[in-house]
Amino acid sequence: MTTFVIAGNTLGEALRKKILWIFFIAAAAMIVLSVSFSQFSFRGEMTIIRSLGLGLLSIVGLLITLVLGINLISVEMERKTIYTILSKPVRRYEFLLGKFLGAMMTLLIQLLLMSTVFIFLVTWKSNWDWKGSIELLKGTVMIFFQLLMVGSVAMVFSVFTTPVVNFFTTSAIYIVGNLDLTDPMMHSKLALQKMFYTALHYAIPNFSNYNIQNKLIHPEVAITGEFNYYAINVAYAVLYSSVLLIIAVLAFEKRDM
Amino acid sequence: MKQNSRLLLIFIAIALLPAIVFLQMKIDPRRAQFQPGKKGVGAFIIRDVNNSPIAMPAQLMAGALVGFREVTAGLLWVRCDEFFDAGDYDAIVPLIRLITWLDPHQVDVYDTGAWHLAYNFIDSGQHADYRYIQPAIALLKEGVSNNQGVSDIETCLGFDIYNQKALDYKNAAYWLLRASKEKDSFFARDRLVAHAYEKNGEFDKAERQWLYCIASAQKVMDAHPNLANPYYIEASGHFEVSRRNLDEFRAHKIMYADLAKNRTDVGFEATCKRLSSHVFEISGKANLPDGSRINVELCNRDYKEPEMKSFSWNINRDATVLVDKGPLHGLFVEGGKFRHKYNLSRDIKQYPFKQDQYVLKLTFNPREAPEGTRVQTGWSGEGLTDKKYLDTSIPGLRRIQKVIYLQRKDLI
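Quick note, the sequences are listed as chains H and S, same order. Quick note on this note's numbering: the first sequence kicks off at 178 and runs consecutively. Quick note on this note's numbering: the second sequence kicks off at 97 and runs consecutively.
Source of the hints: derived by calculation from the structure; they are not laboratory data. Each hint should be verified, as a subset may be incorrect.
Computed far set for chain S versus chain H, every beta-carbon distance over 10 Å [stated by the list, open to error]:
1. ILE218
2. PRO402
3. GLY468
Below, computed lysine-lysine pairings styled on DSBU-like, alpha-carbon distance capped at 30 Å [said to hold, decoys possible]:
4. S:LYS405 - H:LYS431
5. S:LYS279 - S:LYS405
6. H:LYS308 - S:LYS277
7. S:LYS122 - H:LYS315
Glycine residues also receive a C-beta, built at the ideal position from the N, C-alpha and C atoms.
Pulled out of the complex, with its shape left as it was, chain H reads as follows (with noise of 0.2 Å):
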């Protein structure tokens, strides 16, 4: 219950932030603007515009988790209000489990009005077909999930460090897991460098699993056993998550304070 109390005042402390909606105005400006940018493709208007709109709820959500993840604690300490909240009958845990529960729900919350407009600026292109335009909620869905990874990671980071070694710590995982810079070595014939990359592969978080983008720009591409893919990644991230929290908050107890 405490949990859930941290994490609706989180939220509302999060909703207050001008930055936040300033990330959500500028996106939604530009996801209205891609349609200036659909005359560079011939026969493929829309493809531009699910692209870049994809593109935008991608990287916006990304600066969002990474702007609530970073300071959901530092900030607690700057402003040293996480002394009387843990002087009080709260238990460290329930005190991280609810900021992040908090961060999170305000980032779905900028997603879903990211996708809004983008859903909607969709469907008018393509004569109001509100069946294919609901189908990139699928897109927004993934996202998520990829952010909830990210937010896990920064929660981790946020433990021991300051904001600002955080934000490149958890911006430059969010690269490598994005990259599959490990994919061309797990083929490689030597059987030392195979192990090791194959290990590190099932090791960092796998952000690119979550890149469904190009099913979404094509829907016209078949595509088996998708609702598959999409539930094991769901299932992928909780587990990852969970992972991550646990260590935050193994992390979080030991910290002197």
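Add chain S to chain H, keeping to what the hints say.
Positioned in the frame of chain H, the structure of chain S alone reads:
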């Protein structure tokens, strides 16, 4: 937190790790469907037609990496258009390779890329560089495998490349039939299949295809009986064209069979005369109607067209391959004679003439002939004969072919 709780949490975290690995193992094989063409940063090096690596502009690379792959592909496609307007075809094709890597579902890009390869690399006499036909085919086959169920690429492969350029009607019929069976296909493609069967000499299949065209059009007309309905309008057009073509087909069948009773001796003769270095003239006579075309193929004596399993620029640049054939090419017969001067002196890159032995094939194929010629020759050469150069090596086809073996000194 109590020690027991800590241990429990550590235990849970460790227990979840195998589950995470298991899920990732389940995800890996499925990812290719959602991220086609993605091979990791640095794993894919784009090369130009001279096999040199090309760099992607930094701003586009960054765009592609942060999730705007399809937008980047779209912007590169615009750049292609600028190169096309400037006639810089060498620059276009590597970009097309790059675009299909970024977004393998841009169907137009495969079609246009293959078209550039097969049609736009030409010599100063407008003859295409046939060494690029196989890369064009390989590019389209890659497009087909990346875009299952999309008929456009299959049609491009069947019609633009095999039917119009390579004049390989067996493969043309195969790919056009595949395209016509896709859900996004339309009536006109069913007719292309029938025409390809005719050209390949599969007349029974052609007749069945015409009947299928008529029946499928009739079915749609019955389902949409309103004369103003767009489905009815399209189907009725298809019905009329198919019925007319079937009538003509059947009339020709009877007419051409009769030609065998009184065959015309083509009296084919041809010579190749060197005029100066890289300049030669092919001339001859053929008792064929005006407008009949003689195909010209000159290449290294041991040249064999390579079959590419995957797309590559790696063509044999030392090979000389001059092909002058196709709907708009070949030598034209006029007044029973043909004559054409080839000046290859400005196209050394395309015709390096590095070997000593060459083979020149001059062919008249009735299956590729216009209607006016077929009245005399028939579909499969039923109405023609030749004392010296009748070639019946292809079952069911009587064509005229003279093969001339040349030395380098005969041409250079």
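Now the hints, each set against the structure:
1. ILE218: 24 Å, holds
2. PRO402: 26 Å, holds
3. GLY468: Answer for GLY468 of chain S: holds, closest chain H Cβ roughly 38 Å.
4. S:LYS405 - H:LYS431: 60 Å, violated
5. S:LYS279 - S:LYS405: 27 Å, holds
6. H:LYS308 - S:LYS277: The hint holds at about 26 Å.
7. S:LYS122 - H:LYS315: The given pair, whose Cα atoms are some 19 Å apart, holds under the 30 Å limit.
Figure legend: structure checked against the earlier numbered hints; the only hint not met is number 4.
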